[in-house]
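*Asks:* Chain by chain, the residues:
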Amino acid sequence: MSKKVLVIGVIGADVHAVGNQILYHAFTDAGFEVVNLGVMVSQEEYIAAAIESKADAIVISSLYGQGELDCRGMREKCDEAGLKGIPLLVGGNIVIGKQPFDEVEKRFKAMGFDRAFPPGTPPETTIEALREILGNDDDENENKEKNKEENKEKNKEENK
Amino acid sequence: MKPILLIDFGSTYTKVTAVDIENEKLLGTASSFTTIFTDINEGLNNAVSILEKTTGKLDFTERYACSSAAGGLRMMVSGLVPELTAEAAKQASLGAGAKIIKVYSFELNEDDLEEIKSVNPDIFLLVGGTDGGNSECIIHNAKMIAQIDSDFPVIIAGNRNAVHQCEKILAGRRVEVCENVMPKFGMLNIEPTQKKIRDIFLERIIQAKGLTSVSSLISGIMMPTPSAVMKAMQLLAEGTETEKGIGDLVAVDVGGATTDIYSIADGMPEHANTVYKGLPEPYVKRTVEGDIGMRYSIHGIVDAVGIKRISALSGLTEQRAQEMIDYLGKHTDVVPTDDEFEALDYALASSAIETAVTRHAGAMEEAYTMMGLTYVQSGKDLTRVNKLVVTGGSLIHTKRTAEIASHGLYNPAQPKSLKPKSAQILVDRKYILAAMGLLSEYYPDSALRIMKKELIADGNPEQTYIG
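Chains as they are written, first to last, in the working numbering: chain L, 1 to 160; chain S, 161 to 627.
Heads up, a few of these hints could be off.
Stated by the list, open to error - Keeping only pairs whose Cα atoms sit at most 27 Å apart, straight-line, the calculated DSS-like set for lysine-lysine is:
#1 K344(S) to K3(L)
#2 K612(S) to K559(S)
#3 K77(L) to K344(S)
#4 K437(S) to K84(L)
By construction, these hints were calculated from the structure, which means they are not laboratory data.
Please build the complete structure, drawing on both the sequences and the hints.
*Replies:* Encoded structure:
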């Protein structure tokens, strides 16, 4: 079965590169195919990368407090670009100051995000959530037909 | 003496260059009208006899040719996202010396099909999706192209998981499969496609364009003319094992219909506080501005910079400049004979260079972040390049070459555009770049040494922008 593809990056005018690298390695080690856009990523870049690589989910990081502004309209743009229903996850210091996270989470869910993670979330938690979201039923429906042809190719290649 | 003949079959002129390979000397150049509709040899023979009037009879031992006759290598390409695979496909084709008629992104529709049908390109390049990524788009586009009843060859260089299905869909026509132009997100892999484009050009395009009747004495038409120029520029920059090159460079060819820009430079960010955005660009990069040219595309220059700017640069009133521009747009063969026309051509050529190099070069934006000032770079940073090679009638037949060329340099008033800060201007006075690219296939050392000799420096060694 082919690997699940994630598009990741730090959104907006945010240059926090360390967490991004940690996530890249953690996701890759966990068996995902990761397209890492690095820092200062615009909504359009996530979407363009997700289209070309047929991504299974987009994972957005934000560390500088402006995440709420930066993430606004992301779901609508995804819909517009033909990525209807693509799982959107967000995490980090996604809002300014100390706010109760359940309220923050509610706001992000209202914006169309599937999951929002509070500061200090270990990568394992996100990985678990991704496995849950991308789980097996998704494979059966979508990938069956898509993979028929692909698997044939892959087997051919591997047999060589 | 061992003379070699180098031929460039252009759309209007057949240009010939003779070199003595034994003494590494340029013997002479000449040109005559291309005779594509009767017998292409006619124009060639005319050019050679003009040449031999100055050099005396020459007994050529080898003959090589490149061609951009009959419209050049006309390509259409389709990709998925405009800034990603469609851009990669464009880069691949331009780098192979093609003339791109149109770049399509996303799924082709019926109107696109009509357009492709009427253009009937020499090659169609079909890409889209990273390996393992999107396959719907390229398969859809293959199905659309399969409906076109014409036998142009198709190169498939997209998502490898979809390639064989596309091949089946397009069965019955010439189909070539290449590695993906963008196998992973953000990774450019254009060389395999470029090689394939060149193969098809050699096998097929030359025949289709009636160039096969070229005298059997010619060892063959080896490449499209822009490829030859690109080879010459790469050789000049890099050098060979025995002869040093001149280092990174930008080259400008301002023509009547288009303006071509070449850069041989890595151009990636120099400082750690610079974030690079967008697709990485090829080390050898070519761009073609189809709307920027001295005669056929004269109005494109005005559209790009405005008549005010032309008036300011030329010293003519706006009204007079516009009158003359309208005249030149209709009379494309007029060369400047009086001061007024010279002043206008100066303004036009300066504006053409400024526009084309700005479009070719990358851009740097400042962004204030919580961590302080950060720079965001897209495209190539050419600020450190310090050689600018210029060619084209409007630049080589004027005394103000360096002044015109300086408009391709970094303008302090537009600090975002990453053009060379200061550069030595090298002028191709005898119009030999394509010929040297051809020669370099067999005699790279000689081609390099001849270029070093024949490209004449103009202006001061560290020319900067003149407003």
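*Asks:* Does each hint hold? Answer for all of them.
*Replies:* Now for the hints, and whether the structure bears them out:
1. K344(S) to K3(L): Given that 27 Å is the threshold and the Cα spacing comes to 14 Å, the pair holds.
2. K612(S) to K559(S): holds (21 Å)
3. K77(L) to K344(S): OK: K77(L) and K344(S) at ~23 Å, within 27 Å.
4. K437(S) to K84(L): Holds - the C-alpha atoms of K84(L) and K437(S) are around 26 Å apart, at most 27 Å.
Checked against the numbered hints given earlier, the structure satisfies every one of them.
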